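Chains A and B, in that order, give the protein sequences. Counting from 1, one number per residue, gives the positions in the first sequence under our numbering. Counting from 1, one number per residue, gives the positions in the second sequence under our numbering.
Heads up, some of the hints might be wrong.
Below, in silico cross-link-like pairs of lysine-lysine (DSBU-like), each with a Cα-Cα straight-line distance of 30 Å or less [as the list claims (entries may be wrong)]: (1) A:K14 <-> B:K382; (2) B:K86 <-> B:K104; (3) A:K34 <-> B:K382; (4) B:K477 <-> A:K87; (5) A:K38 <-> B:K477; (6) B:K324 <-> B:K491; (7) A:K223 <-> B:K382.
If you're looking for bench data, these hints aren't it; they were derived computationally from the structure. In this text, all values refer to a predicted model and were calculated from it rather than measured experimentally.
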Amino acid sequence: MKIRPYGDTLHDGKIQLSFTLPIPCSLHGEETAKALVKKMGIHDVHVVHATPLNDNYSFYILYGTTHHEIDPSTVSVTDVDTDTLTKSDIEDYIEQHFNRPLIFIGASTGTDAHTVGIDAIMNMKGYAGHYGLERYKGIKAINLGSQIDNETLLEEAVKHQADVILISQTVTQKDVHIQNLTAFIELLEAENKRDDFIVIIGGPRITHSLAKELGYDAGFGPKKYAFDVASFAVQALNIKLNKEV
Amino acid sequence: MKLNLNPSQIKQCRNHAEKIASNIQTMIDQHTTVSVERAILRLLGIDGVNSLDVPLVNVITDHILEEAELSLGVAHYISYAIHETKLTPQKIAERIANNTLSLKPYKENPKSPYIENLNPYIDTALKQINTQKQHRQDALTSMPKKTTPDLYVIVATGNIYEDIEQAISAAHKGADIIAVIRTTGQSLLDFVPYGATTEGFGGTMATQENFKLMRKALDEFGKKHHRYIKLVNYASGLCMPEIAAIGALERLDMMLNDSLYGIIFRDINMKRTFIDQYFSRVISAYADIIINTGEDNYLTTSDAFEHAHTVLASQFINEQFALKAKMKPSLMGLGHAFEIDPELENSFLYELAQAELSREIFPEAPLKYMPPTKHLSGDIFKGFIQNALFNIVAVTSHQSIHLLGMLTEAIHTPFMSDRALAIDNATYIAKAFKDFSNEITYNDNGIIKTRAHQVLNEAENLLVTINEEGLFKTLEKGRFAGISRTPIQGKGLKGVFTKHPNYTNPVLNQMLKALKKEENHEN
Chain A
1 MKIRPYGDTL HDGKIQLSFT LPIPCSLHGE ETAKALVKKM GIHDVHVVHA TPLNDNYSFY
61 ILYGTTHHEI DPSTVSVTDV DTDTLTKSDI EDYIEQHFNR PLIFIGASTG TDAHTVGIDA
121 IMNMKGYAGH YGLERYKGIK AINLGSQIDN ETLLEEAVKH QADVILISQT VTQKDVHIQN
181 LTAFIELLEA ENKRDDFIVI IGGPRITHSL AKELGYDAGF GPKKYAFDVA SFAVQALNIK
241 LNKEV
Chain B
1 MKLNLNPSQI KQCRNHAEKI ASNIQTMIDQ HTTVSVERAI LRLLGIDGVN SLDVPLVNVI
61 TDHILEEAEL SLGVAHYISY AIHETKLTPQ KIAERIANNT LSLKPYKENP KSPYIENLNP
121 YIDTALKQIN TQKQHRQDAL TSMPKKTTPD LYVIVATGNI YEDIEQAISA AHKGADIIAV
181 IRTTGQSLLD FVPYGATTEG FGGTMATQEN FKLMRKALDE FGKKHHRYIK LVNYASGLCM
241 PEIAAIGALE RLDMMLNDSL YGIIFRDINM KRTFIDQYFS RVISAYADII INTGEDNYLT
301 TSDAFEHAHT VLASQFINEQ FALKAKMKPS LMGLGHAFEI DPELENSFLY ELAQAELSRE
361 IFPEAPLKYM PPTKHLSGDI FKGFIQNALF NIVAVTSHQS IHLLGMLTEA IHTPFMSDRA
421 LAIDNATYIA KAFKDFSNEI TYNDNGIIKT RAHQVLNEAE NLLVTINEEG LFKTLEKGRF
481 AGISRTPIQG KGLKGVFTKH PNYTNPVLNQ MLKALKKEEN HEN
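Turn these sequences into a full structure, and let the hints guide you.
Right under this line is the structure:
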């Protein structure tokens with residue numbers, strides 16, 4: 001079945017947009033904004049708000065109707081395909097499948113100064129009521145913090161005999177996170193250590209398909225918590241170390 | 001005084017904090033660092049880079065490190081060099097850079113009898129700083145004074161010319177303070193880059209030329225619109241005192257400046273950064289530059305409700321470090337933040353309690369209040385409301401420096417429109433709640449007062465503990481933000497030196513003399 005966005009009536013195709021144009025705010029500016037939105041395949045466009053940001057820039061809020069439709073069944077998603085377990089299930093799983101604690105090492109790498117992401121996954125407190133890995137029985141969590149370069153991360157991972165490496169990239173600009181993530185995989189391969197670890201990335205702009213594309217085992221985006229990451233990691237480790245499928 | 005706090009308890013907290021800071025000050029007074037020495041060289045008028053883009057001030061300290069003994073201080077070497085060559089410090093630097101002059105022979109010399117040779121150059125720098133101070137003061141006194149918090153926004157394009165565009169746009173919308181965020185990683189560079197720059201990640205290089213360009217643009221805007229727009233940058237990281245020096249010369253109005261932040265979040269060595277911080281705060285005190293401390297950051301890592309007292313304890317400590325550097329309370333922009341989980345019932349009341357608490361304990365400080373970031377999830381509509389609640393607390397509790405929250409926090413560096421929406425939000429609330437605080441009191445046994453008293457009690461207990469174990473141990477135990485650091489680790493330790501008995505820092509001495517005179521005058 002094909003669908004359109006829903007305003008207040010099925011199939012009405014209502015959409016809201018807001019953006020800035022690098023021209024003064026005027027009737028001409030409003031018409032320009034409308035013309036641009038029409039080019040996006042949106043009709044019946046209304047500028048509901050227009051305001052100058054300064055003499056040369058103007059901001060618009062618009063509503064319109066899209067005539068495009070989409071059949072959701074034609075859209076495919078690459079997602080982590082292991083089961084999602086609860087914290088206590090993960091702890092039991094570790095106890096059943098491994099005779100030692102699993103070592104997770106994590107960092108926010110490159111120039112990224114944000115620790116929010118790695119802390120949410122690793123620190124005792126966790127995030128939004130979901131405890132972090134530090135609190136898990138059977139997991140030793142080592143959080144290196146922010147602005148860790150790739151070489152240091154690998155060095156520490158080797159030193160601590162880590163099973164899993166977690167990399168967080170929070171706010172990045174001009175796609176520097178992609179270069180940095182690519183460089184880490186290249187480093188692992190150059191050192192012949194890619195198979196020594198399960199390597200997982202996370203951050204607001206990370207998806208599982210991006211992670212796979214870059215050569216990582218998994219990627220986790222927004223609204224993913226420690227249990228999501230740990231569920232994948234313990235199952236992947238079991239397959240890797242114990243050759244269980 | 002709405003919270004009925006116990007003045008003797010606050011005094012006790014200050015006493016503990018004073019002892020904590022005094023212990024560190026003893027260490028500070030015995031040491032110097034490469035960046036302290038480079039800051040002295042900058043204030044002797046040395047500028048520019050060599051053929052490999054290495055700043056001349058670094059060329060000199062590197063030269064002394066390799067050929068001589070930095071613990072004597074650059075003043076020792078340069079004063080001898082001026083005496084023998086009759087050249088200016090700048091010319092001396094250029095000669096060292098092209099290997100036609102060596103400072104090595106002065107290593108074995110006795111304590112320099114020629115330190116006074118440096119005075120004309122120091123005077124030139126101090127005169128420029130004084131002119132800048134006067135300019136700021138004249139501008140501020142001639143303009144109407146705001147009774148609501150100053151609106152502070154960030155620009156971070158990476159390109160100084162694009163930053164100027166964004167800054168002017170924000171000023172048009174009503175921003176009072178513009179901070180140019182530094183490119184990520186600059187805090188870990190052990191040199192200050194040179195010239196105007198157009199590339200950076202998540203921010204723009206802090207360089208003297210970039211400071212100058214932005215200052216000029218904001219001054220032109222201010223002149224046209226009869227306003228004074230304050231400019232902020234970062235005297236933090238490994239080049240703290242150098243950036244403070246550049247900022248003083250180029251009339252920045254505020255500087256982020258907090259060793260504890262660098263130690264905890266940037267893994268900068270604690271000795272290095274406490275020593276650097278002291279000189280940078282003296283420079284800022286001399287130049288009438290407001291510092292911003294970074295306590296808000298603890299709460300991005302630790303839970304804001306459970307660890308609120310760590311913020312207050314750190315503010316007490318930062319206040320004492322500022323006093324040691326002869327800073328007036330009116331320059332102490334102590335930091336805190338609105339970071340309690342919005343899912344917590346009555347979170348607004350706890351935020352208000354914390355903000356009122358800081359206001360009452362530091363009545364003269366231009367408190368820096370930071371917006372929610374940790375619990376902004378990408379739901380920009382909810383984010384806009386979170387920022388509105390934050391704005392209400394900022395106005396109601398009379399915060400001074402009001403850093404505006406962006407609805408797109410954690411999505412991207414702000415769009416021009418994000419900033420404009422934030423300013424509209426804050427301006428509306430400042431108007432709507434203008435005299436709200438005069439109309440309300442807090443219940444004696446209510447949530448707000450109870451919470452404020454509890455946080456003060458916990459802060460006092462923490463200060464007692466820190467005083468007993470020492471600040472270094474406290475940092476080792478990870479009491480702030482749950483991150484542990486030791487005095488023998490961290491970046492920049494190699495640049496720390498025990499002062500030679502013949503060491504002197506004539507710039508520091510002159511600034512302190514002037515600040516003490518001012519202090520006595522005011523008393």
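Here's how the hints hold up against the structure:
no. : hint              : in the structure
1   : A:K14 <-> B:K382  : holds, 21 Å
2   : B:K86 <-> B:K104  : holds, 17 Å
3   : A:K34 <-> B:K382  : holds, 27 Å
4   : B:K477 <-> A:K87  : holds, 28 Å
5   : A:K38 <-> B:K477  : violated, 60 Å
6   : B:K324 <-> B:K491 : holds, 25 Å
7   : A:K223 <-> B:K382 : holds, 16 Å
Hint 5 from the earlier list is the only one contradicted by this structure; the remaining hints agree with it.
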